[in-house]
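Student: Sequence:
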Amino acid sequence: MKSSKKPLDKIEAALIAAYRKQEELQFPPDWRQQVMQDISSMAGPTAFPQEKKVRTMIPRRIGALAAVAVAAVVGWLILANLDRYDPWITLKPDLADLESHAAFWLEAGDVDSGLRHVKVTVIQKEMKIEVLSRNLEPPGGIWHTTGDAVKKVDFPLALDAQALGLQEGQATLVITARDLSWRNWFRGRSTTMKKEMVIYYKKSP
Numbered sequence: 003m004k005s006s007k008k009p010l011d012k013i014e015a016a017l018i019a020a021y022r023k024q025e026e027l028q029f030p031p032d033w034r035q036q037v038m039q040d041i042s043s044m045a046g047p048t049a050f051p052q053e054k055k056v057r058t059m060i061p062r063r064i065g066a067l068a069a070v071a072v073a074a075v076v077g078w079l080i081l082a083n084l085d086r087y088d089p090w091i092t093l094k095p096d097l098a099d100l101e102s103h104a105a106f107w108l109e110a111g112d113v114d115s116g117l118r119h120v121k122v123t124v125i126q127k128e129m130k131i132e133v134l135s136r137n138l139e140p141p142g143g144i145w146h147t148t149g150d151a152v153k154k155v156d157f158p159l160a161l162d163a164q165a166l167g168l169q170e171g172q173a174t175l176v177i178t179a180r181d182l183s184w185r186n187w188f189r190g191r192s193t194t195m196k197k198e199m200v201i202y203y204k205k206s207p
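FYI, the working numbering numbers position 187 of the sequence shown as 189, with every residue one higher than the one before it.
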C-alpha cells in the first residue's frame, strides 16, 4: 500500500490540536502508542525508500571495485610479460666457405624475459637437418620468476658435414632463438639468423 501524505498531515494536525486541548479531552492511557501504530500501518513498507536504495548500492559498489582490481592485476601481468625486445644471436667466426669440419662459437640471449629455446638446423636442397636443439625454459614455464630465466647462453657449435650427410655445395645454416615473453599468444618473440655457406671437402694429396 502506498503511503499518503494527506492522512498523515491530518493526523499530525489532530495530535497538535489534541495536545493543546488535552485538559478538555479524555484520552485512554495508551493513546500515543495506538496513534503511532496507526501511522506506521498507513505508511507501509515504502516509508523509507532511501534506506533500501543505500543497501542495494553498497554491494554493487563493492563488486565494481573488485572487478576494477582484478582487471588492474591482469593488465599488469600482461604488460609485464609482453617483452619489449627480441632475442639476439651472434655467430663467430663469420665464414662463407666451410670445410667438412667447421667450428663456430654461438651466443644467444634475451634482455627481458629470458630464453626459452635455441635451435640450429642446416638446409641443403630438399634436406633439412637438425644440428642442435636446446630447451632453456625454467620449471615454471611462462609463469617462472625472473631469477629463474636464462638470459644468455654461449657454447661451441661443430658442423661435421660428412657426419650430417651434407654434400659439397651451397647450404644454409639457420639459427632460431625464442624468448619467454607472452607475445604471439604466449609463444614468445623469436629471432632467426640465416647464414649462407659453401661446403667443400679437402681432397687428399
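Please keep in mind that the hints were generated in silico from the structure rather than gathered at the bench.
Glycine residues also receive a C-beta, built at the ideal position from the N, C-alpha and C atoms.
Among the hints, erroneous ones may be present.
To be verified - With a Cα cut of at most 20 Å, we get these calculated PhoX-like pairs of lysine-lysine:
#1 Lys197 with Lys121
#2 Lys121 with Lys196
#3 Lys94 with Lys154
#4 Lys127 with Lys196
#5 Lys154 with Lys130
#6 Lys197 with Lys94
#7 Lys94 with Lys196
#8 Lys197 with Lys130
#9 Lys204 with Lys153
#10 Lys204 with Lys130
#11 Lys121 with Lys94
#12 Lys204 with Lys154
Claimed, not checked - Have a look at the derived ranges for each label pair, beta carbon to beta carbon:
#13 Glu109 with Ala66: 44 to 54 Å
#14 Ala66 with Asp156: 45 to 55 Å
#15 Gln164 with Trp187: 20 to 30 Å
#16 Arg63 with Asn137: 42 to 52 Å
#17 Ile131 with Glu109: 42 to 52 Å
#18 Arg189 with Thr123: 11 to 21 Å
#19 Asp150 with Gln172: 39 to 49 Å
#20 Lys130 with Phe157: 15 to 25 Å
#21 Gly171 with Asp96: 15 to 25 Å
Student: Give a verdict on every hint.
Tutor: Each hint tested on the structure:
1. Lys197 with Lys121: holds, 14 Å
2. Lys121 with Lys196: holds, 12 Å
3. Lys94 with Lys154: Within the cut-off at roughly 16 Å; holds.
4. Lys127 with Lys196: The given pair, whose Cα atoms are some 15 Å apart, holds under the 20 Å limit.
5. Lys154 with Lys130: violated, 27 Å
6. Lys197 with Lys94: holds, 11 Å
7. Lys94 with Lys196: The hint holds at about 13 Å.
8. Lys197 with Lys130: Since the Cα atoms of Lys197 and Lys130 sit roughly 14 Å apart, the hinted pair holds (cutoff 20 Å).
9. Lys204 with Lys153: violated, 39 Å
10. Lys204 with Lys130: violated, 23 Å
11. Lys121 with Lys94: holds, 16 Å
12. Lys204 with Lys154: violated, 35 Å
13. Glu109 with Ala66: 44 to 54 Å: Given a distance of about 51 Å, which is inside 44 to 54 Å, the answer is holds.
14. Ala66 with Asp156: 45 to 55 Å: holds, 52 Å
15. Gln164 with Trp187: 20 to 30 Å: With a Cβ separation near 41 Å, Gln164 and Trp187 fall outside 20 to 30 Å, so the hint is violated.
16. Arg63 with Asn137: 42 to 52 Å: holds, 48 Å
17. Ile131 with Glu109: 42 to 52 Å: Distance hint for Ile131, Glu109 is violated at roughly 22 Å.
18. Arg189 with Thr123: 11 to 21 Å: Since the Cβ atoms of Arg189 and Thr123 sit about 18 Å apart, the hinted range of 11 to 21 Å holds.
19. Asp150 with Gln172: 39 to 49 Å: holds, 41 Å
20. Lys130 with Phe157: 15 to 25 Å: holds, 22 Å
21. Gly171 with Asp96: 15 to 25 Å: holds, 20 Å
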